[in-house]
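Participant: Could you build all of it, start to finish, from the sequences and the hints given here?
Chain by chain, the residues run as shown.
Number of protein chains: 2
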Amino acid sequence: MKFKTAKEIRRLIRAQEITNSTAGMAIGYTQANLVILRKEHAYDFLLFSQRNPKACPIIEVTDVGSPIPKLTAPNSDIRTDLPRYRIYRDGKFDEEVLDITPYWENDMVAFLIGCSFTFETPLLENDIPVRHIEEKCNVPMYKTNIQCEDAGKFHGPMVVSMRPMTSENAIRATQITSRYPQVHGSPIHIGDPSSIGITNIHKPDFGDSVTIKKNEIPVFWACGVTPQAVAMESKPDLMITHGPGCMFITDLLDKKLSVI
Amino acid sequence: MKFKTAKEIRRLIRAQEITNSTAGMAIGYTQANLVILRKEHAYDFLLFSQRNPKACPIIEVTDVGSPIPKLTAPNSDIRTDLPRYRIYRDGKFDEEVLDITPYWENDMVAFLIGCSFTFETPLLENDIPVRHIEEKCNVPMYKTNIQCEDAGKFHGPMVVSMRPMTSENAIRATQITSRYPQVHGSPIHIGDPSSIGITNIHKPDFGDSVTIKKNEIPVFWACGVTPQAVAMESKPDLMITHGPGCMFITDLLDKKLSVI
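If you're matching them up, the sequences are chains A and B in order.
Read in order, the letters of the first sequence correspond to residues 1 to 260 in our numbering.
Read in order, the letters of the second sequence correspond to residues 1 to 260 in our numbering.
Some hints here could point you the wrong way.
Since copy identity is lost for identical chains, a pair holds within one copy or between any two.
[Stated by the list, open to error] Derived lysine to aspartate or glutamate pairs resembling EDC-like cross-links, with alpha carbons at most 20 Å apart:
no.	residue 1	residue 2
1	Lys39	Asp150
2	Lys214	Asp192
3	Lys70	Glu149
4	Lys256	Glu149
5	Lys70	Asp150
6	Lys7	Glu17
7	Lys39	Asp107
8	Lys153	Glu40
9	Lys39	Asp63
Simulated from the structure, these hints should not be mistaken for lab results.
Facilitator: Below, the structure is given as structure tokens:
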């Protein structure tokens, strides 16, 4: 699955031959988080993303009522081309499904949001080990005391992901991720978890705990879980997201997202 | 005026002691283009900016009905703190005024859009001559055959600004401006005007013609006139913009907009 194209993987997903995590598939193609909201919430959500570009970097917003991301994957259909979806009603998880065609309405807008998978590839290519990949688990994620900028009904704290590394690698990783503002960009914080409101680094709020070695410091990036958490807080009557790890694979090449 | 702060200059503007171009004032502070639209047009305009970030890089969007850019100049008022405004009705220029307080309505949204003033400072600091500054005129701007990505009712061609320079300087200027995605970022085109639909480089559609020396090539950047032109095309009943050259000066420091 690693060397297939985005289009090939999406076809397998549509046929429900792939129904789980897309991590490591179609290497080099940009994967994205999904948030679907009704048009009535779309302006506030888009404004939230403009005000919080590190937590909510937008890859594409579909036209109202269209399930086709015409700019980043024109031959795809957002309703069938992700392995798993979660349906939230009034801010509460309702069900997980493999196809959202029956749920699609003509006032819906899909937001594709940049994902840290994109910058992990160049980290690995620079010989910077990524611990949760080494330990074959999910990246650890934490709620912080950093408040996002409000936008209409959307407000809440920033969620961050953490990768432990040596201080030399933290410097190089800062350089590398700075080039990718569309997928969270540079780190939010390096070094002291308590200064951003994290009390126990070994107890992440989402994902899994990973080993932090003696010579390593924790490096934190804004995380795409933030907009989902923030949208959920506002309790929209209907919100649809990707299932955990089950991302949308666009036709964009990660390398082309680099600004320099 | 060069070494005053943004706040000091805004106070002089509010008192109508400055009523003309802000070029060269409050050096180091980020100046922005202004587009004010009613809320009904705001979603499409914000989506247009998301889809066309080089032509329409957003610095801030005010809350609906609020004339205060709370993130980039919290002590300012968008209705009084620009030297000159233009009022457009149904897509046609109606009048130029020094204060838009009487025109402000509680469903209005102000968009502050990045401006190439921000990247001209680091060009000059890198000893790259900027011809229209040397020749004390406006930057030449051209309509191109590059179509912007549509968003709802907003569509139209990209307008570009042009700076002639040696090919070595074009390379260095590409590096420098790449670091500033919030103010148009890297060039759109280098070298051949005809390939982007410009028939006569000496006859710009807006601004002034500048000298192109024998050893120089034209370098083109997406221009903040694009969103104004595009918004005007859609003929909103009311649109307010800054007067030419009469920008809004934020409290942001240009240097802080650099992503790397």
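Participant: So which hints don't hold here, by number, going up?
Facilitator: none
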